[in-house]
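A.B. asks: These are the residues of each chain, in order.
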Amino acid sequence: MLKLTADEAAFQDEVRAFFARDYPAHVVAKNKAGQRLTKADHIDAQRALNARGWLGVGWPREVGGTGWTPIERYIFDQELEYAHAAGVIPMAVIYIGPIIAAFGSDAQKAEWLPAILESRAFWAQGYSEPEAGSDLASLRFSAVRDGDDYILNGTKIWTSGARWADWIFCLARTSREERKQQGISLICAPLGLPGIRVHPIRLIDGSDELARIEFDDVRVPVTNRIGDEGQAWHYANVLLKTERLSYAHIGSKKRDLAALLEQAAKLPARGGGTMDRDPVFRLAHARVEARLAAIEASILRALRGEISMATAAALKIACTECAQAITELAIDLAGRNRLPMLDRTGADWADAAPAAAPFGPVAVQSYLFERAQTIYGGSTEVQKNIIWRALAGMAR
Amino acid sequence: MSGALADAEQAMLRDTVRAYLAKGGAPRWSDFADRLGLGTTLLDVQPGVIIAEEIGRARARLPFAEVATTAWLLDRCHAPALPPTAIATVAWAEPGVRFDFADIAAQARREGDGWRLDGTKAVVGWAAEAEAIIVAAHADGDGLSLFRIDPARTDGLRLSPYPTIDGHPAADLVFENHALPADALIGREGGALALLEQARDRALALLAAEAVGLLDSLLEQTIAYTGQRRQFGQPIAAFQALQHRMVDMYLECELAHSSAWLAVEAMSEAPATRARAVSSAMVNIARASRFVGQQAIQLHGGMGMTDELPVGHYVKRAMAIEVLWADSDWHLARIAGL
Numbered sequence: 072m073l074k075l076t077a078d079e080a081a082f083q084d085e086v087r088a089f090f091a092r093d094y095p096a097h098v099v100a101k102n103k104a105g106q107r108l109t110k111a112d113h114i115d116a117q118r119a120l121n122a123r124g125w126l127g128v129g130w131p132r133e134v135g136g137t138g139w140t141p142i143e144r145y146i147f148d149q150e151l152e153y154a155h156a157a158g159v160i161p162m163a164v165i166y167i168g169p170i171i172a173a174f175g176s177d178a179q180k181a182e183w184l185p186a187i188l189e190s191r192a193f194w195a196q197g198y199s200e201p202e203a204g205s206d207l208a209s210l211r212f213s214a215v216r217d218g219d220d221y222i223l224n225g226t227k228i229w230t231s232g233a234r235w236a237d238w239i240f241c242l243a244r245t246s247r248e249e250r251k252q253q254g255i256s257l258i259c260a261p262l263g264l265p266g267i268r269v270h271p272i273r274l275i276d277g278s279d280e281l282a283r284i285e286f287d288d289v290r291v292p293v294t295n296r297i298g299d300e301g302q303a304w305h306y307a308n309v310l311l312k313t314e315r316l317s318y319a320h321i322g323s324k325k326r327d328l329a330a331l332l333e334q335a336a337k338l339p340a341r342g343g344g345t346m347d348r349d350p351v352f353r354l355a356h357a358r359v360e361a362r363l364a365a366i367e368a369s370i371l372r373a374l375r376g377e378i379s380m381a382t383a384a385a386l387k388i389a390c391t392e393c394a395q396a397i398t399e400l401a402i403d404l405a406g407r408n409r410l411p412m413l414d415r416t417g418a419d420w421a422d423a424a425p426a427a428a429p430f431g432p433v434a435v436q437s438y439l440f441e442r443a444q445t446i447y448g449g450s451t452e453v454q455k456n457i458i459w460r461a462l463a464g465m466a467r
Numbered sequence: 005m006s007g008a009l010a011d012a013e014q015a016m017l018r019d020t021v022r023a024y025l026a027k028g029g030a031p032r033w034s035d036f037a038d039r040l041g042l043g044t045t046l047l048d049v050q051p052g053v054i055i056a057e058e059i060g061r062a063r064a065r066l067p068f069a070e071v072a073t074t075a076w077l078l079d080r081c082h083a084p085a086l087p088p089t090a091i092a093t094v095a096w097a098e099p100g101v102r103f104d105f106a107d108i109a110a111q112a113r114r115e116g117d118g119w120r121l122d123g124t125k126a127v128v129g130w131a132a133e134a135e136a137i138i139v140a141a142h143a144d145g146d147g148l149s150l151f152r153i154d155p156a157r158t159d160g161l162r163l164s165p166y167p168t169i170d171g172h173p174a175a176d177l178v179f180e181n182h183a184l185p186a187d188a189l190i191g192r193e194g195g196a197l198a199l200l201e202q203a204r205d206r207a208l209a210l211l212a213a214e215a216v217g218l219l220d221s222l223l224e225q226t227i228a229y230t231g232q233r234r235q236f237g238q239p240i241a242a243f244q245a246l247q248h249r250m251v252d253m254y255l256e257c258e259l260a261h262s263s264a265w266l267a268v269e270a271m272s273e274a275p276a277t278r279a280r281a282v283s284s285a286m287v288n289i290a291r292a293s294r295f296v297g298q299q300a301i302q303l304h305g306g307m308g309m310t311d312e313l314p315v316g317h318y319v320k321r322a323m324a325i326e327v328l329w330a331d332s333d334w335h336l337a338r339i340a341g342l
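Heads up: the protein sequence lines correspond to chains A and E, in order. If you're matching positions, the first sequence starts at 72 in our numbering and goes up one per residue. If you're matching positions, the second sequence starts at 5 in our numbering and goes up one per residue.
These aren't lab readings, by the way, just hints derived from the structure by calculation. In this text the structure is predicted, and so the values were computed from the model without any measurement. We put the CB at the ideal spot given by N, CA and C, even for glycine. Take the hints with a grain of salt, since some may be wrong.
To be verified - Beta-carbon label-pair distances, calculated as ranges: (1) ALA106(E) / SER379(A): 50 to 60 angstroms; (2) LEU354(A) / GLY118(E): 44 to 54 angstroms; (3) THR294(A) / ALA228(E): 44 to 54 angstroms; (4) ALA418(A) / GLU193(E): 38 to 48 angstroms; (5) ALA186(E) / GLY158(A): 55 to 65 angstroms; (6) GLN232(E) / ARG247(A): 24 to 34 angstroms; (7) ALA463(A) / ASP107(E): 51 to 61 angstroms; (8) GLY158(A) / GLY116(E): 56 to 66 angstroms; (9) HIS305(A) / ILE339(E): 55 to 65 angstroms; (10) ILE339(E) / ALA418(A): 41 to 51 angstroms; (11) ALA276(E) / GLY158(A): 49 to 59 angstroms; (12) ASN456(A) / ALA276(E): 49 to 59 angstroms; (13) ARG157(E) / ARG353(A): 38 to 48 angstroms.
Model the full assembly from the supplied sequences, consistent with the hints where possible.
C.D. replies: Shown next, in the form of structure tokens:
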């Protein structure tokens, strides 16, 4: 069950060969050096994937997608991460693309999907609001019908990639219903419209990829709505079902754990040795590795069979906590090298602190940034509520 | 803290520091030292921990532990003191040193009347701002010695300044045949190891108190935020799961408080007793910092991730304190006698 079939193994070889031969080397080099990627880097990366027909992951074949099985998708993700390739920015490709493909109009499919695949349009996600985070269904962002238009008002927050995005898809309240999950519609807007203001949010790791976006009487045509009015909660859940395991990132976890051993070999231990021989570090490392092995097996089990809401929620917790454990191991390994706070924009960023190991600043910024993993996409606390509802049901 | 200072004096000092730091803005060290009348106070850990705790609570960006540790080293070496308003720091860490002073590789060679210094010092807090830096190096290849450096004399010294995660300034120092006068050597030649170990424990006692102030504030911030943040029609502090988490934070804060006492009261003990107490304290402080820091961010949700709120800045200062002089594993090894 946990082993790949012959066909799957052949596919894995094919993907591995692609990343070795046909993928932009400068993107890989930047990732390996801990340098932040630019939008141009992401476009280069996406174009290479699209040239091979591998950008539309999770999309059906008829709209230019890969049509992969869950296992093939998993293999692809893993090889991408092993190769230090750029993570596919999920907003357009993974989040809204499949919804457009499933519920969008023919015109939307014809206009938006090719623009995503050809990297002509980047998208941002407008879900959370200042007063609607864990309790997303209480959102207040409003879309009021005015002839053939909607007038949008409200604030979206924690929008990632807004500075690169051309479009935003928003959960918007189009009517007040008895249940707060009802009356929500999925409406798209170009970010350049009058009345939209994007405020970057600086995070504790020094990045500013998130934003708060204010809409003040923003007018969009009704044809920018995806699917039926009031059905967005349903669409979001359909997507959730197919995308539940997209945060697993087993490949990057394995890659990062392996990289820690390489870094440890370069860091001094007491008395002239190096940290890769330090038993305390090695045991801590092995502890995370053992945990990851069980998580990987859980993901493979889930991919081969049906997966319940409770299992998906449990795996979200396990995967994100494991990612955090790896960053924690990294800052512990880094020791005092975790101290420098450096801007990793330029190729020579590490020269700013010539006596510190460059691994340290990367590790500490990852540690800080990945604290968000247990907050976004349904916080750990919300996931536990979901799991408990299932467990309580067993007792009845 | 109990001890030499009467309770009333302690309370007065605490109030004075708190009132000064409550004025906000970015306090300057010279002004802080001047207004508090710091002088010989810097040599005494007892009032020092009260000041440090308030610095933590306010997350004031001040080189208190650096200046106090330098002042103590100069005093113990019978070297001329600096004015308390001057910033000063200690440079011991190197790229080839994890936390053991025995691994220090910097070398000072006798030349004529003075010395020539070679070596690299890593992530030295407040080095570029300092009027004096005490550098740990081997004199003529033997034993560990301390040299007082004037960073304004840049011949043979390359200084690369940058900020650290806690917003404090730091720098890497590369000495290449850097000329020092004869009196740059402070204390006994080759006899600095035990002194530096004691200086580390004193610095840690101050930093432990600062961490206590940071963690107390993180708990307060988290209680305040969860009481005001509403989701699902109620303040999120109404959820028992979150209440219990904050209680766990409180438990760690309480043990951190006690740990800071443990450290400060061990200052006058024999080296082995002192080392065990300080390391026990720091293991608990590190654990508390990790847990309270992580939970403070988690319970603040997305807001906890923002640079705008104080919570992340408090967490990052606590993360720095965890490794400034040694990490938890080093302390565990010291307790275990490994």
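A.B. asks: Of the numbered hints stated earlier in the document, which are not met by this structure?
C.D. replies: none
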